[in-house]
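J.: Chains A and B supply the protein sequences, listed in that same order. Residue 152 in this note's numbering is what sits at position 76 of the first sequence, and the numbering runs on without skipping anything. Residue 20 in this note's numbering is what sits at position 14 of the second sequence, and the numbering runs on without skipping anything.
Just so you know, the hints here were simulated from the structure itself, not pulled from any lab data. None of these values were measured; they are calculated from a predicted model. Any given hint could be a false lead.
Label-pair distances were calculated between CB atoms; the ranges are [unchecked claim]:
no., chain 1, residue 1, chain 2, residue 2, range
1, A, D231, B, K72, 40 to 46 angstroms
2, B, G62, A, L232, 52 to 58 angstroms
3, A, Y179, B, A10, 47 to 53 angstroms
4, B, A10, A, F122, 34 to 40 angstroms
5, B, G40, A, I271, 48 to 54 angstroms
6, A, Y278, B, G62, 51 to 57 angstroms
7, B, E70, A, D259, 49 to 55 angstroms
8, A, I271, B, A36, 29 to 35 angstroms
9, B, G40, A, G196, 19 to 25 angstroms
10, B, K64, A, F146, 40 to 46 angstroms
11, A, T108, B, I48, 17 to 23 angstroms
12, A, D227, B, A36, 46 to 52 angstroms
In silico negatives: residues of chain A with every beta carbon more than 10 angstroms from chain B [what the hints assert, rightly or not]:
no., residue
13, A80
14, E105
15, G141
16, Q174
17, A199
Quick partial rundown of chain A residues pointing at chain B, CB under 10 angstroms, derived from the structure [to be verified]:
no., residue
18, T108
19, I115
20, P119
21, K123
22, F146
23, Y211
By construction, the Cβ of each residue, glycine as well, lies at the ideal position given by its N, Cα and C atoms.
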Amino acid sequence: MEIACSINITPNKVVINGKDVNYTERGEELLTAIYRRQINDYPKFFKMDSLSRLGFVASELLLNGEPDRFKPREDRAIVFFNTNSSLCNDENYQKTIQDKNNYFPSPAIFVYTLPNIVTGEIAIRNKYYGETSFYVLDRLDIESMEQIINDTFQDLTTKSVLGGWLDCKDKDHFEAHLFLIKDQKTSKLPNWNKIIINKIIYNKQ
Amino acid sequence: MNEAILELKTQIIEVLNLEDICPEDIDENAPLFGGGLGLDSIDALELIVLMEKNYGIKLQDPAEGKAAFKSVSVMADYIEKNRTK
Numbered sequence: 077m078e079i080a081c082s083i084n085i086t087p088n089k090v091v092i093n094g095k096d097v098n099y100t101e102r103g104e105e106l107l108t109a110i111y112r113r114q115i116n117d118y119p120k121f122f123k124m125d126s127l128s129r130l131g132f133v134a135s136e137l138l139l140n141g142e143p144d145r146f147k148p149r150e151d152r153a154i155v156f157f158n159t160n161s162s163l164c165n166d167e168n169y170q171k172t173i174q175d176k177n178n179y180f181p182s183p184a185i186f187v188y189t190l191p192n193i194v195t196g197e198i199a200i201r202n203k204y205y206g207e208t209s210f211y212v213l214d215r216l217d218i219e220s221m222e223q224i225i226n227d228t229f230q231d232l233t234t235k236s237v238l239g240g241w242l243d244c245k246d247k248d249h250f251e252a253h254l255f256l257i258k259d260q261k262t263s264k265l266p267n268w269n270k271i272i273i274n275k276i277i278y279n280k281q
Numbered sequence: 007m008n009e010a011i012l013e014l015k016t017q018i019i020e021v022l023n024l025e026d027i028c029p030e031d032i033d034e035n036a037p038l039f040g041g042g043l044g045l046d047s048i049d050a051l052e053l054i055v056l057m058e059k060n061y062g063i064k065l066q067d068p069a070e071g072k073a074a075f076k077s078v079s080v081m082a083d084y085i086e087k088n089r090t091k
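If we strip away everything but chain B, and leave its shape as in the complex, we get (with noise of 0.2 angstroms):
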């Protein structure tokens, strides 16, 4: 696992409250919603939150959040492009 997606991970375990699960147990391929960590809207809000807080990225249009949590490593990829800080 890549420092950046170990990273992420982390990110994600931390904000959405996800307890008793580690990063080596989220499959970075997987879908993030709809899978098994059962996550609903308000934890996209959340992810919304961490992208602009941590990364400076401010996701507006909701087609374009969509795509970017597709899975953690999608979620990675696009931070890697996208990041201003």
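So here's chain A without its partners, still in its complex pose (with noise of 0.2 angstroms):
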């Protein structure tokens, strides 16, 4: 197996495969400005959570120019990783219920009380229909990545994985690390393990 591209997503830098990419914008704009210039053509990108926006830009420059890109496919997994789970956008949701006299859920929010919402959103992007998880650790744990990953390649379907860390705390702090992995028969050397994972999210490729 091996790692075919990278992605780094912080609230101030984009880095796609070890080089930066210039962006003068930040936060949650800095989100806004890569769809607009990179993607614009999925207009359910407004209407997605913060997490969601961030996994699926980080998916879209991950994945632009990829030989059929959108041909409906099994043997690609989402694997995702993070410590805050949707907290960010269950405290949006907590607003639209916390007061009695002005209580409004909205399913709109609602819908994005998950973390496993953007795999699907990805899923749906990209016509993938194979596996597709979310994992919620209580720290940056590169080991049960490289693990859990791993693992999702015993299946006789999953071919490639995306996969990696993806967390948002608040609409201006976030990070997504995304990394394609394939199963290369061919590949005489393993170039994928945690040391791999190491470099790519802490960016010392």
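Assembling the complex is the task here: the two chains are given apart, and the hints tell you how they should meet.
T.: Given below as structure tokens:
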């Protein structure tokens, strides 16, 4: 297995395959700027919560240019991890039910009160019908990430995994460190392990 | 465009996060669902909340909701006849 490509997005920076991409926008505005400049054909982006927006734009930049990009496939899994689950959006939902005299639960906010919704958003966009999962860990645990992603390859279907760390504390504090791992039967040496994940996450490529 | 229609379009754009769409872009006589706005079932639920929150209208019969959301002008008419605030 080997890592085909990677992306890092933080409120102040976008790095694709180890190279900085120039954006002047910061925080929440950065994600909107990426959408406007690089995607701009999926209005549902504006209905998404912050975690889904982050995962969506990160996956778009990561997968941009991939051959047969939108061809339906079952052999690609999505496996994400974080510590804050969907807390950012949960807090927004809480605001809609906080006041008993102004109690209007928002269905559109409620549907994002689970972290794995973002994996569904990405799967729908790309027509992936394979495994999707989102693990909430107590810390950035790279060993567990490596183990879980390796386990994902144990089924007979999965040939690649869109995986990584996708965490959003609030609209201005977030980080995405995603990568695409492919099962290359022809590779003589495995180019994939926790050391590589560590380098991607800490941008030491 | 009369004031009630304009107000309703503005509210719909806001609650449904219809970015890049302005009131003039919405044909008040066109179907709200199944048309160019790309609205889905969650949007329908948000419109039900809008009706209750802004106009005090509780839509409990799904058939009634389907009729009320036929278009913006039908929705505005329904609001005018049933609003409690």
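J.: Determine for every hint whether it applies to the structure shown.
T.: Structure-based check of each hint:
1. A:D231 with B:K72: 40 to 46 angstroms: 43 angstroms, holds
2. B:G62 with A:L232: 52 to 58 angstroms: Since G62 (chain B) and L232 (chain A) have Cβ atoms about 57 angstroms apart, the given range 52 to 58 angstroms holds.
3. A:Y179 with B:A10: 47 to 53 angstroms: Since Y179 (chain A) and A10 (chain B) have Cβ atoms about 26 angstroms apart, the given range 47 to 53 angstroms is violated.
4. B:A10 with A:F122: 34 to 40 angstroms: 26 angstroms, violated
5. B:G40 with A:I271: 48 to 54 angstroms: 52 angstroms, holds
6. A:Y278 with B:G62: 51 to 57 angstroms: For G62 (chain B) against Y278 (chain A), whose Cβ atoms are near 54 angstroms apart, the range 51 to 57 angstroms holds.
7. B:E70 with A:D259: 49 to 55 angstroms: Between E70 (chain B) and D259 (chain A), where Cβ atoms are some 54 angstroms apart, the hint holds.
8. A:I271 with B:A36: 29 to 35 angstroms: 57 angstroms, violated
9. B:G40 with A:G196: 19 to 25 angstroms: The hint (19 to 25 angstroms, Cβ to Cβ) holds, given that G40 (chain B) and G196 (chain A) are roughly 23 angstroms apart.
10. B:K64 with A:F146: 40 to 46 angstroms: 42 angstroms, holds
11. A:T108 with B:I48: 17 to 23 angstroms: Distance hint for T108 (chain A), I48 (chain B) holds at roughly 21 angstroms.
12. A:D227 with B:A36: 46 to 52 angstroms: Between D227 (chain A) and A36 (chain B), where Cβ atoms are some 50 angstroms apart, the hint holds.
13. A80: 32 angstroms, holds
14. E105: 14 angstroms, holds
15. G141: 25 angstroms, holds
16. Q174: 14 angstroms, holds
17. A199: Consistent with the label, A199 (chain A) stays out of reach of chain B, its closest Cβ about 17 angstroms off (over 10 angstroms).
18. T108: It holds, given that the least Cβ distance between T108 (chain A) and chain B is near 9 angstroms, below 10 angstroms.
19. I115: 13 angstroms, violated
20. P119: Holds: closest Cβ of chain B sits about 6 angstroms from P119 (chain A), inside 10 angstroms.
21. K123: 5 angstroms, holds
22. F146: 18 angstroms, violated
23. Y211: 26 angstroms, violated
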